Amino acid sequence: MANERTLSVNGAKQVVSAAPETPLLFVLRNELKLTGPRLGCGMAQCGACSVLLDGEEVRACITPISYAVGKQVTTIEGLPAVWAAEESLSAADAAKTLHPIQQAWIDEQVPQCGYCQSGMMIAAVELLAKNPNPSVAQIKDAFTNKPPSPHLCRCGTYSAIIEAVQRAAKAMKA
Amino acid sequence: MTLKTENSSDSPITVTLTRRGFVKMGGALFVSLSIPAGLSLHAAEGPTSLDPSVLASWLEIHSDNTILARTGRTETGTGMSAYYAQTIAEELCVRPETISLVLGDTDRTPDGGPSAGFLDGMANVRKVAAYTHQALLGLAATQLGVPVSKLTVADAIVSGGGKSISYGQLVQGQQLDLKIPVTGMRAKVDPSSPEGNGLAGLDGFTVTGDPPTKPVSQYKVIGTSYPMPGIPDKITGKTQWTCDVTLPGMLHARMVRPATLGSTLISVGALDKKQYPTAQVVTKGNLVAVLSPNEWEAIGAANSVAATTKWTEWAGLPGSDNLTKAIRDYKWGAPSQSKGNPAEVNAVLQGARKTMSATYELPYVRHAPIGPFLAVADVRSDGSVIVWTHSAQLQGLRAQIANTLSISTDKVVVRWLDHSGQYGRTTFGGDGAEADAVILSQLTGKPVRVQWTLQEDLAWSSVSPAYVLDLKAALDPNGHVIAFRSASYTPHQSDARLLGAILAGMPCCLPRPGSWVATESPFSAWAYDKIPTRLEEAYGMPNLAAESASGGLRGNIMRTPGQRQQNFAVEGLMNEAAASAGADPIQFRINHITDQRLIDILNATAKAAGWEPRPSPHPRARKSGSASVTGRGLCIVVRNNAYWVGIAEIAVTPSTGAVQVTKFAIGVDCGKIINPRQLDRCMKSGVVMGLSEALKEEVTFDKSKVTSTNWTRYKILTMEETPEIKVVQISRDDKGFGGGSEAANALGPPAVAAAFFDATGVHARRIPLTPAYVTTLLKAQSRTP
Numbered sequence: 019m020a021n022e023r024t025l026s027v028n029g030a031k032q033v034v035s036a037a038p039e040t041p042l043l044f045v046l047r048n049e050l051k052l053t054g055p056r057l058g059c060g061m062a063q064c065g066a067c068s069v070l071l072d073g074e075e076v077r078a079c080i081t082p083i084s085y086a087v088g089k090q091v092t093t094i095e096g097l098p099a100v101w102a103a104e105e106s107l108s109a110a111d112a113a114k115t116l117h118p119i120q121q122a123w124i125d126e127q128v129p130q131c132g133y134c135q136s137g138m139m140i141a142a143v144e145l146l147a148k149n150p151n152p153s154v155a156q157i158k159d160a161f162t163n164k165p166p167s168p169h170l171c172r173c174g175t176y177s178a179i180i181e182a183v184q185r186a187a188k189a190m191k192a
Numbered sequence: 193m194t195l196k197t198e199n200s201s202d203s204p205i206t207v208t209l210t211r212r213g214f215v216k217m218g219g220a221l222f223v224s225l226s227i228p229a230g231l232s233l234h235a236a237e238g239p240t241s242l243d244p245s246v247l248a249s250w251l252e253i254h255s256d257n258t259i260l261a262r263t264g265r266t267e268t269g270t271g272m273s274a275y276y277a278q279t280i281a282e283e284l285c286v287r288p289e290t291i292s293l294v295l296g297d298t299d300r301t302p303d304g305g306p307s308a309g310f311l312d313g314m315a316n317v318r319k320v321a322a323y324t325h326q327a328l329l330g331l332a333a334t335q336l337g338v339p340v341s342k343l344t345v346a347d348a349i350v351s352g353g354g355k356s357i358s359y360g361q362l363v364q365g366q367q368l369d370l371k372i373p374v375t376g377m378r379a380k381v382d383p384s385s386p387e388g389n390g391l392a393g394l395d396g397f398t399v400t401g402d403p404p405t406k407p408v409s410q411y412k413v414i415g416t417s418y419p420m421p422g423i424p425d426k427i428t429g430k431t432q433w434t435c436d437v438t439l440p441g442m443l444h445a446r447m448v449r450p451a452t453l454g455s456t457l458i459s460v461g462a463l464d465k466k467q468y469p470t471a472q473v474v475t476k477g478n479l480v481a482v483l484s485p486n487e488w489e490a491i492g493a494a495n496s497v498a499a500t501t502k503w504t505e506w507a508g509l510p511g512s513d514n515l516t517k518a519i520r521d522y523k524w525g526a527p528s529q530s531k532g533n534p535a536e537v538n539a540v541l542q543g544a545r546k547t548m549s550a551t552y553e554l555p556y557v558r559h560a561p562i563g564p565f566l567a568v569a570d571v572r573s574d575g576s577v578i579v580w581t582h583s584a585q586l587q588g589l590r591a592q593i594a595n596t597l598s599i600s601t602d603k604v605v606v607r608w609l610d611h612s613g614q615y616g617r618t619t620f621g622g623d624g625a626e627a628d629a630v631i632l633s634q635l636t637g638k639p640v641r642v643q644w645t646l647q648e649d650l651a652w653s654s655v656s657p658a659y660v661l662d663l664k665a666a667l668d669p670n671g672h673v674i675a676f677r678s679a680s681y682t683p684h685q686s687d688a689r690l691l692g693a694i695l696a697g698m699p700c701c702l703p704r705p706g707s708w709v710a711t712e713s714p715f716s717a718w719a720y721d722k723i724p725t726r727l728e729e730a731y732g733m734p735n736l737a738a739e740s741a742s743g744g745l746r747g748n749i750m751r752t753p754g755q756r757q758q759n760f761a762v763e764g765l766m767n768e769a770a771a772s773a774g775a776d777p778i779q780f781r782i783n784h785i786t787d788q789r790l791i792d793i794l795n796a797t798a799k800a801a802g803w804e805p806r807p808s809p810h811p812r813a814r815k816s817g818s819a820s821v822t823g824r825g826l827c828i829v830v831r832n833n834a835y836w837v838g839i840a841e842i843a844v845t846p847s848t849g850a851v852q853v854t855k856f857a858i859g860v861d862c863g864k865i866i867n868p869r870q871l872d873r874c875m876k877s878g879v880v881m882g883l884s885e886a887l888k889e890e891v892t893f894d895k896s897k898v899t900s901t902n903w904t905r906y907k908i909l910t911m912e913e914t915p916e917i918k919v920v921q922i923s924r925d926d927k928g929f930g931g932g933s934e935a936a937n938a939l940g941p942p943a944v945a946a947a948f949f950d951a952t953g954v955h956a957r958r959i960p961l962t963p964a965y966v967t968t969l970l971k972a973q974s975r976t977p
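So the sequence lines, in the order shown, correspond to chains B and X. Once you know that position 57 of the first sequence is 75 in the numbering used here, the rest is easy, because the numbers rise by one and skip nothing. Once you know that position 100 of the second sequence is 292 in the numbering used here, the rest is easy, because the numbers rise by one and skip nothing.
None of these hints come from the bench; they were simulated from the model. It is possible that part of the hints are untrue.
[Said to hold, decoys possible] Distance condition first, Cα-Cα at most 25 Å in a straight line; then the derived DSS-like pairs of lysine-lysine:
#1 X:K855 to X:K888
#2 X:K523 to B:K164
#3 B:K114 to X:K430
#4 X:K523 to X:K664
#5 B:K188 to X:K918
#6 X:K864 to X:K888
A quick note: this is a predicted structure, and the numbers were derived from the prediction, not measured.
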C-alpha cells in the first residue's frame, strides 16, 4: 500500500499504514496500541504526548509520522528495555526491571490522575541523559523552559516530580 | 446466624448471615445491601445492576483469603483507593494488599455516591467491614468452639483457646450471604432537589446501625503511608484509561461547535468524500459531529466541515472586562441563603466608631484538565446503553443519560476508567462528553468515541463562577472586630447539565440558580467565634447568557466550591483589619478564635515558616521601583473537620508587576490522619492549584465567545513557578476524620494577597495577580497620597 511505512518503536520494527502527515501519536495509540502517550492539547503546549525520537523528546501530537521513519521511537512502555540495554542486563533480569525513572515515580508516589506523567517521565529520561546530576533549578528549567512548551500538570505534582528526578539520578549513578 | 446492633434510635438493627449453598471449589462470604423497605429496585429509579434482581456485593471474603471490595465512588487522584483499602483492612484485621477494589461501575458496585464525598464513603466501608468482621467472628466462634469474646484476629487468622482458623478456611466450601442495612435512594433527575442541581440521590446509599468498630488507639493500618494502588500500572503503561477503550466497529467523533456561545445552526458545511471517504456528518439540533473509523480522518474532516458550517450571529455576553459591572447590574432579590443576625449586625455597624469595608472580586476560572474530556458510548439495538467515562458521579450521570434518551435507568450501564483529573467538575454527574457520545451512537447505530479538543474543553465546559463580595466590619477601640457582614454575589454554580443534550435539544436535568454561605455550612464551621455578631448573605443569579441556545457560561462547582471564593474575601478583610489594628496577623486571628485545634495549627505552621511576629505591611514595603520587594502573608480555612493554615512568601517587582511565590508553608489538622504520605502530596499539589488561581487563572471572553482557549491564554502554574513547599501535619486520635485534600487549594489566593500587601502596602482585592493587574494597581495607588 502507498501509505505503508516501517517504524522502529521500542526496539521493534512495525509496519503501519497511515498518511504521511498523520501525527505519530495517533499511530502509536490506534495502530500499535501503545497508549502510554496521551492526547492533551494537540498543539505541543502541554507535553502529555511526549515520546523520545532517537533520545530527543518530541511532542507526538504534532510530529508527522514521516518524520519518525528511520528514527528510534521510545514510549514509556519501552523504557525498561532502554535501561536493560544500558545496564547490559540478562533477558531474565530485563523482564522484571523498571527504568529508574519509573521506579522513582513509584517510590515518590508522583501521579495523581497521572494523565501527564507519561510525558513527564519521557522528559525526565531526556534530562538525565544530558545532565546526570541536575539541581532543582535545572530540573525546573528543563520542565518549564525547554521548547516547545512547559510540561503542565493540573493536579500539581511538580514537587513530587522534582524529588523523583533527583531520586532517579542517584539510582542511575549507583 | 443473626447479629444485633443498636442504632441511635435504639431500635435493633438486624444483620443476618445465611448460607446460600455449598460449593466444591473455593467458597466466599458475600456482603450485600439490604435495600430498605419501600424502595423497590424495579421502580422508575432503576437498580444498580444490569439484572434488577441481583445487586453487586459490597465486599467478598474469598477462600484464598483475598478480599474484593466494590464502591460506586472512584479514585480521583488523591489516593482514595488507598484509604478505602486501609479502612477495610483495619476493621477486618487484614493486610491492605489482600484487598482489590472495583470502583465506579454502575453494574458492578452497589452503593453510588460522589467520589469527592470520601468521608461518607469511608464511613460506609468501615461499617461494611465492621459488620463483616462480626460475622466472621461468629463463624469462627462456632468452628473453634471458643466464645467471640475470647477471639483475636491478626492478618486474617482468628485465634482463641489455643486454636486458630483463617477467614479463607471459614468460608471454604460455602456460599455465605450477609445483608447490610442501608438507607438512601437511587440517583434520579429531580427538579425539586434541594441542592439546586436538578438531581436527587447523588449521595447513594448509607449504611445504618453502629457495628462495633476498632478503637483508633489500636489502629495498625490507618496512619501508615500505604501506596496508591493504581500507580505502578500508570507508570508502566498498563492502565486502561477511558481514552484507550476501543470497540468493534467504533467510530471516532470530533464535534463541530457553534461559532459563538449562543449561535444556532443555519447550515452544515460540505464534507469532501473524496478527501475523507470514511467520514460522515451527523447533526441533531445544534449538535454537529463528524465521525470516521479513523481518528485522524475524523479530525481532518471535522476541521473541513467546521470551516463552512454556518451559524447565526450572537453577542450576548458582557465581556470579561465588564464582568463586575454585569454582576453589579443584575437585579438582585433576596439572598439565596443567609446566616447570622441582620438586625444586631446592622445596629453594631451603625453605632460603631470605626468601620472598614472592602469589595473583593474573583473571575471565572475552570477545572482545565490536561486531558480534554472524552467518552465512549454504545447504544445497542435492544435499547440498552453502555458508556465508558471517568466521571466522579456514575449513578448521577446514569440518571442524566437515561433522562436525555427518555429511557428507563435500568437500560443504562456506566463504567468507570481513569482519565484526566476533573476537580469537582463531574461531582453532580454532568459536564463531560457522555451526552455527545450516546446521542451520536444512537443516531449512527455504532459505538462512538467522542474526544473533545482542548479548545473545546476550555470554551464549552462548565466554569467555576465569578464572585463579587462586599464586606464590612466594625472595630472596637482596640481594633478587635465586633461585627462582621458579608454579601457574596455570584452567577449559577450548580449547573450539571450535559452539553451534548443541551445542544441537541434533548431533555436535561433542570438546575436552579442559587448560592450558599459556604464559610458556614455543613462542610465548614465559622472560624472567628470571638467576633460577637455576624451576618453572611449569599446571592445567586442565573448563568451569564443563560437564555442562549447553549445555556451560556454554565456555572459549576470546583474544588472547595463557594468557600474558596468567600474565604478569599473573609481572610482579606481579616488581614486588612489586622493591619488597621497594627497587629501581627497570626496574633490578630488568635484574638478572634477559641478553637484550640486552629490555634495549634496556626502556631505550628508559623514555626515551620519561621514567622517573626510583626504587623503588615513590612517597614520596607514599596509600591514602585524596578528592584523586587518581599512580603509574607497568612490565611486560614476551616472545612470538613479540617483546619488549614497557609503562609506565603513572595517577591514583587513593582515596575513589571511580576509576582513570584518563593516559599509556601501549609499546615493541616484533619483529625486522625489516614495516610501521611498521600496527605503530604495532596497538600503540596493543592498549594500548586491555589497559587495557579492566585497568580494566573482567568476565563476571558468577549461579547460572543470564550477567548482563553489554549494553554497560552488560560495560563496555569508551571514547575518553575512552584515554590519550595513546607508541610505541617497534626494528627489527632480523638477528633474523627477530616477532609485532608480538598481545601488545600483555597489557601493560595488569600495568603498571596496578604503577602502582596506586606510587600507593597497595597491591598490586592482581586485575583489573579497578573503583571498587568499588579502594575495597574500599584500605579493607581502610587498616585494617591
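Do the hints match the structure? See the list:
no.	hint	verdict
1	X:K855 to X:K888	holds (17 Å)
2	X:K523 to B:K164	violated (50 Å)
3	B:K114 to X:K430	holds (14 Å)
4	X:K523 to X:K664	holds (21 Å)
5	B:K188 to X:K918	holds (23 Å)
6	X:K864 to X:K888	violated (34 Å)
Comparing the model with each numbered hint stated earlier shows that hints 2 and 6 do not hold.
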